[in-house]
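Novice: If you want the building blocks of each chain, they are given just below.
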Amino acid sequence: MDGIHDFGGMEGFGPPAVEIDEPVFHHDWERRAFGITMASFVLGVSNGGQFRHSIERMDAEHYLGSRYYEHWLTGVATRLVETGRVTIEELEAGAGGGFPLSRPVASAGVTVPEPGTDVTVGDEVRVRRITTRGHTRCPRYVRGRRGTVVRIDPPSSLPDLEAHGDARRSEPIATVRFDGRELWGEGAERAAVHVDLWLSYLERVT
Amino acid sequence: MDGIHDFGGMEGFGPPAVEIDEPVFHHDWERRAFGITMASFVLGVSNGGQFRHSIERMDAEHYLGSRYYEHWLTGVATRLVETGRVTIEELEAGAGGGFPLSRPVASAGVTVPEPGTDVTVGDEVRVRRITTRGHTRCPRYVRGRRGTVVRIDPPSSLPDLEAHGDARRSEPIATVRFDGRELWGEGAERAAVHVDLWLSYLERVT
Amino acid sequence: MSDDHHHHPRTQSPIEQRVHALEELLVDKGIVTHEMIDEFVARYEDDIGPLNGARVVARAWTDPDYRDRLLADGTAAIAELGYGGPEGDHMIVVENTDEVHNLVVCTLCSCYPWPVLGLPPDWYKSAPYRSRAVREPRALLAEMGCDLPDEVEVRVWDSSAEARYLVLPQRPAGTDALGEDELVALVTRDAMIGVAR
Amino acid sequence: MSDDHHHHPRTQSPIEQRVHALEELLVDKGIVTHEMIDEFVARYEDDIGPLNGARVVARAWTDPDYRDRLLADGTAAIAELGYGGPEGDHMIVVENTDEVHNLVVCTLCSCYPWPVLGLPPDWYKSAPYRSRAVREPRALLAEMGCDLPDEVEVRVWDSSAEARYLVLPQRPAGTDALGEDELVALVTRDAMIGVAR
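Protein chains in written order, with the numbering used here: chain A, 25 to 230; chain B, 25 to 230; chain C, 19 to 215; chain D, 19 to 215.
Be aware that one or more of the hints could be misleading.
[Claimed, not checked] Taking beta-carbon pairs under 10 Å as the criterion, some of the chain C residues facing chain B (in silico):
hint	residue
1	Gln35
2	His52
3	Gly67
4	Met162
5	Asp165
6	Asp168
[What the hints assert, rightly or not] Estimated spans, in silico, between C-beta atoms of each pair:
hint	chain 1	residue 1	chain 2	residue 2	range
7	C	Val170	B	Val174	14 to 20 Å
8	B	His50	A	Pro39	47 to 53 Å
9	C	Ala191	B	Val174	28 to 34 Å
10	D	Glu200	A	Asp142	46 to 52 Å
11	A	Glu210	B	Val174	30 to 36 Å
12	A	Gly189	B	Arg175	25 to 31 Å
[As the list claims (entries may be wrong)] From chain B, some residues computed to sit far from chain A (all C-beta separations above 10 Å):
hint	residue
13	Gly73
14	Gly133
15	Thr144
16	Glu148
17	Gly168
18	Ser181
19	Ala191
20	Arg192
Please keep in mind that the hints were generated in silico from the structure rather than gathered at the bench. Small disclaimer: the values here were computed from a predicted structure and weren't measured. C-beta: ideal position from N, C-alpha, C; glycine also.
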């Protein structure tokens, strides 16, 4: 989905706020939200794709205006409701007020790319224009862009499928090197940007 | 610039909040912010591109979390400071507190597309991948996409230039019709989306 | 509009303080006057609104020649009724039919045909409307109470440049006996944006 | 970590109330225990942190064979020192040189090599860092106090899939006399992310 979470290249943000000697957690609630989420994985509440998508489905303004572990809390609570373990009524009663959850998975337009072709290190590739309204790990800023494969990682479960049902497809992951100017135009800084992309996100440039 | 203002197709927003018998202004400060901004145009504080870009340069979280006329107020105040008519110190003294302005124009990467070729109604075109960090009226969701020209409007000043200096280029504007599936993939709703694009944003598909 | 806008109420929100500060500063410097601002506000709060557009639509419903001129050159035909000005210099009128439904949006800011509709409502300027109108117009329209049959073609117009769009809705059935003035009352702002039929 | 997390303090913020409500609800239903949560918190607050990564780096600085193994198979070489686990199953180590500077980011969420660096700092998870690291890494690094000469090549690694990245910084000049344990103290978390040299 083209959500607010897909920050790569987005403008309108200032300098990062760096805190000297920053603690691991800033508030006790962050400790508990972290621990609850970690426990939820052990209990099988979500796989990685499901959990990430539960955060991506947060209201964009809520996402942008809240701290990181509030994202986790919102995602895990959403998954707990969606899997029938708790109800929103129970959550609101306990909180003594509103308990904003993420929005439902899109009812249409959740698509999975066709399997891609095999690639090897050195190949020129172009990233497909993924347009799913569901979960994907293909960032918007590389879609349609050309790059060179520099590494192949072992097969792993395609998130686009994993987040939305029982079907699985295991595919190698290619690390693709993009020239900064290919991504951001001639005025861009000189830099190489590497993105790890499942084969289904790629097509070979012939 | 790829800012938060470029909402087309972005996900993570819910249903629009429709208010029955909505007033033109909800607060008296909205009246004043509107009037100040209108007066500022008469006084030549900004042209259209400069004013729009002054709003686009707002901090993304501020933009998303504030009402529409706060965008105007922030943009016009930013322009008034940038053109030397008022100072941030005067604004903060008057407000008795902070007066958040928009961020400065990008110091690098502000580019203007090369002039495009002429097109006529019925032509197939592809939208260029505009990557400027400055102002543009080429929405992100149509960049790289194919469509058909359905109308040509009279020449008008290219915003990408107008917002950033004294140079001007006047170009016809083509209304391009995009199939929803070209923009959003096979799972998309059946719809035709029309976008008005200066010729420099387009290249003919040969 | 209250007359005491240059008095400083005791408890102002930060945005109220900022707007007030800017207005006072500009007046103190002699850059604007309160009256200039008052005048703009009055014009767009009291004088210009969707009644203008409704008159255009009702005329088009009752005068086939006017309808043809309106579709051929919106700016000129609208000027015949005395309407024009900022955000109305290049008007395009798009016509709904049994087969076609038109919807207007501005994804990049909130461009809107002021001379015929006045200033836009909050939802038109909101992230939900601007993001979804171009991606899932049918779902959006359904949520706004406008259910379109599958066979109706949806045409979305993103006002990204100089043109401003007005939808010419279909004349409701059973209104043959009504005159132009009576028809004016039937034309809604929402229908002229395209979020209602 | 306080022991009274299941008591309800009098004035809680909304997010505190929500977290508290969820924990109590899950405990009441027998889905989790407070102790399970305590254990995860303790592990990542007390046990696992950038000291692990510093030991890996110091070993690589002092043992050329280890450095070669680390660059060839990060996961296995890091496991030699006893580090592994969630977010560390596929470790890639990228080496800084006089000619190359590496920078790690996760634009889509905040993936980070937990076993060697612990949990990420706020700025790593923030919109400014995630948005700008892939678009203007040099400007971002300069703002963070890391000025790179123009001739140094910048390589950004967006952790968008399974691999997690650790930067192997350059050994500081003038440290030939220092042993591995002394070198550990010189290795910063920021250098292992790539926002410092």
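Novice: Indicate, hint by hint, whether the structure satisfies it.
Specialist: Do the hints match the structure? See the list:
no. : hint                                 : verdict
1   : Gln35                                : holds (5 Å)
2   : His52                                : holds (9 Å)
3   : Gly67                                : holds (8 Å)
4   : Met162                               : holds (6 Å)
5   : Asp165                               : violated (14 Å)
6   : Asp168                               : holds (8 Å)
7   : Val170(C) with Val174(B): 14 to 20 Å : holds (19 Å)
8   : His50(B) with Pro39(A): 47 to 53 Å   : violated (34 Å)
9   : Ala191(C) with Val174(B): 28 to 34 Å : holds (30 Å)
10  : Glu200(D) with Asp142(A): 46 to 52 Å : holds (48 Å)
11  : Glu210(A) with Val174(B): 30 to 36 Å : holds (31 Å)
12  : Gly189(A) with Arg175(B): 25 to 31 Å : violated (44 Å)
13  : Gly73                                : holds (16 Å)
14  : Gly133                               : violated (4 Å)
15  : Thr144                               : holds (27 Å)
16  : Glu148                               : holds (18 Å)
17  : Gly168                               : violated (5 Å)
18  : Ser181                               : holds (22 Å)
19  : Ala191                               : holds (17 Å)
20  : Arg192                               : holds (21 Å)
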